[in-house]
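Asks: Kindly produce the complete structure, drawing on both the sequences and the hints.
Heads up: the protein sequence lines correspond to chains A and B, in order.
Just so you know, we're using our numbering here: the first sequence kicks off at 5 and counts up by one.
Just so you know, we're using our numbering here: the second sequence kicks off at 5 and counts up by one.
Nothing false has been slipped in among the hints.
No copy labels: a pair is met if it fits in one copy or bridges any two.
Here are the simulated lysine to aspartate or glutamate pairs, EDC-like style, with alpha carbons at most 20 Å apart:
no., residue 1, residue 2
1, K119, E140
2, K119, D10
3, K119, E46
4, K13, E33
5, K13, E46
6, K13, E38
No lab work stands behind these hints: they were computed from the structure.
Note that the coordinates shown come from a computational prediction; the quantities given were computed from them, not determined experimentally.
2 protein chains.
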Amino acid sequence: MTTIADVAKLAGVSVATVSRTLHGSTRVEPRTRERVLAAAAELHYVASPTATSLASGRTNVVAVVAPMMSRWFFASIVTTIEQALREHGYHTLLIVLGDRPGQEQERLQPEMFVKRVDGILWLNVATTPEETALLERLALPMVCVGAAIDGAPTVLIDDRQAARLAVEHLLGLGHRDIAYLGTAVQSTAHMSTPAARVEAFRDSLRVAGLPVHAEWVLDIDWTAAAAAAAIEPVLRGIPRPSAVLAASDEMAIGVLGTARRLGLRVPEDLSVIGIDDHTFAGVLGLSTVRQDVPAQGRAAVTMLLEAMNAEDLDGDPVSRIELATSLVPRDTTAPPP
Amino acid sequence: MTTIADVAKLAGVSVATVSRTLHGSTRVEPRTRERVLAAAAELHYVASPTATSLASGRTNVVAVVAPMMSRWFFASIVTTIEQALREHGYHTLLIVLGDRPGQEQERLQPEMFVKRVDGILWLNVATTPEETALLERLALPMVCVGAAIDGAPTVLIDDRQAARLAVEHLLGLGHRDIAYLGTAVQSTAHMSTPAARVEAFRDSLRVAGLPVHAEWVLDIDWTAAAAAAAIEPVLRGIPRPSAVLAASDEMAIGVLGTARRLGLRVPEDLSVIGIDDHTFAGVLGLSTVRQDVPAQGRAAVTMLLEAMNAEDLDGDPVSRIELATSLVPRDTTAPPP
DNA sequence: CTGAAAGCGCTTACAG
DNA sequence: CTGAAAGCGCTTACAG
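Replies: Okay, here's the thing in structure tokens:
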């Protein structure tokens, strides 16, 4: 591999001058600058990031921590984040943690971060107290998306509004018997999204003077398969709900599947609405509440860049960005039978 | 941050001894070993990966290059890969390239890899000749999944078999008029999967003595939305196919959506089959041909680890792993009307 | 078994 | 504007 010394020799200057013309703040005489650039190009010189980091103290790497990639939200936001970071000269170290905190062994290791990354983007991962403590001890610039950790800046959507929009849509259609999928499970107990959505669901019914059917509020793990299984007894029951609100489109798709298997027509016999506006929502005609995932990713990156470039590492701006959501009615919701 | 010198001082030994007891091959006297370990623990010492890399020449980082994260295949395989790499002490640098080669600017930069990673996992990304040349110049250990690049080891599925299984399933049911979605688009022209699948489709019909309806073989970009749009005129046409084979489940889901909108019952009026066994396939009752994505990810990691640890960097084993697929008939395929 | 020292490839004050 | 030199925090022969 060619080093800075090779370039210096070919250009007939010192390594310091090479370093300066390549990134330096100081001025370099145009002619020597050209010589250096030519030599670097000729040798296909690429500075060793490892040496650069050691000397400069910055790694230009950001850790992106997600509980999984297989869910639409994470796949989408990671794509946006990786591109936004790259535009700003940062590389993305991906850490997929799994969504069950405190399993067999510690999921989070200091080695993942210490002196390896300049900052952390924490995506909707529930933490144990030990993990929170570790992150605090790390004292790295960090921005959370979805789940907030202690005093870290956070970007999220207005989860209460999202659920409220969905409920109000169903109420407006005339529904009174509404099932809900996706309360806070054990593994997400520390996260605000599941709790906020189900609370808003309950509140909206209450405001409308309607009862909440406790046995129709289901506590499952936010996958399509779990939703499909959990909703079956409810849809077979008598009476059964005339509408289902799923806290995510993936769960809503599971409900669609079960309705089809049971011979229930959607929306004639059953209305179904989700939250997300998943890639498949349009194609399947799924009514939903849309959240702008790329916007969340870009906002998080912007906030992290600010935090990493902040002079004083103490002055927590404790910023918080909350994005609005919007109703997208499609074909799976209609007045009750 | 605490350094190796801090640990050495606290333990009353030299930094060399600390380094040795922490990773060294050489023996260290049990008592000094204990002192060092205690000191390291007390100080929460974590070696600077940057300094370690510079001194040792290895980064313990692998670049994972994917065209996107938003497709099921990539989300799934990246999850597996990240975990497999971590188990072996490697970190994952994620690079999302976009699926259109040769856009505005070069997608691939030497800076992404040079002296930054020990190896590359190349996931199904079509390359331009310039990109291939760059990768060759890099001379890094590399394993490809899906798309093969020059002499690099590759893991893929038997694409011809996958398409054949699907066609034979439809033929067995009595279908003779079959549409096909997902031939090689411009952006995937250099990749073997799209071509292999459509060729196997054609061959299978030919073997059965059936004609291929050219206007029913559609060239789209492998998304559900594109499939939903492209299949519409075909399903509205007279005559129309009695079955659709989509080269991916995501496209098949798009077809399901359009069939529903047009009031076509599946499978009574139209059979639909995909390839993948996507997370949603079970829930939606989609017949498909299953590919084992985690197995592909694990195989790729194993091959890359071997390549990175190989003594002689020249002896290309040019290995190639081809995994079989299996038919998973569900509810969306039935005999033609 | 252990320490002193060179070296990995950069950056960055400090002189000039 | 440019160079010599120290320093970033490790690893690894080389002596002892």
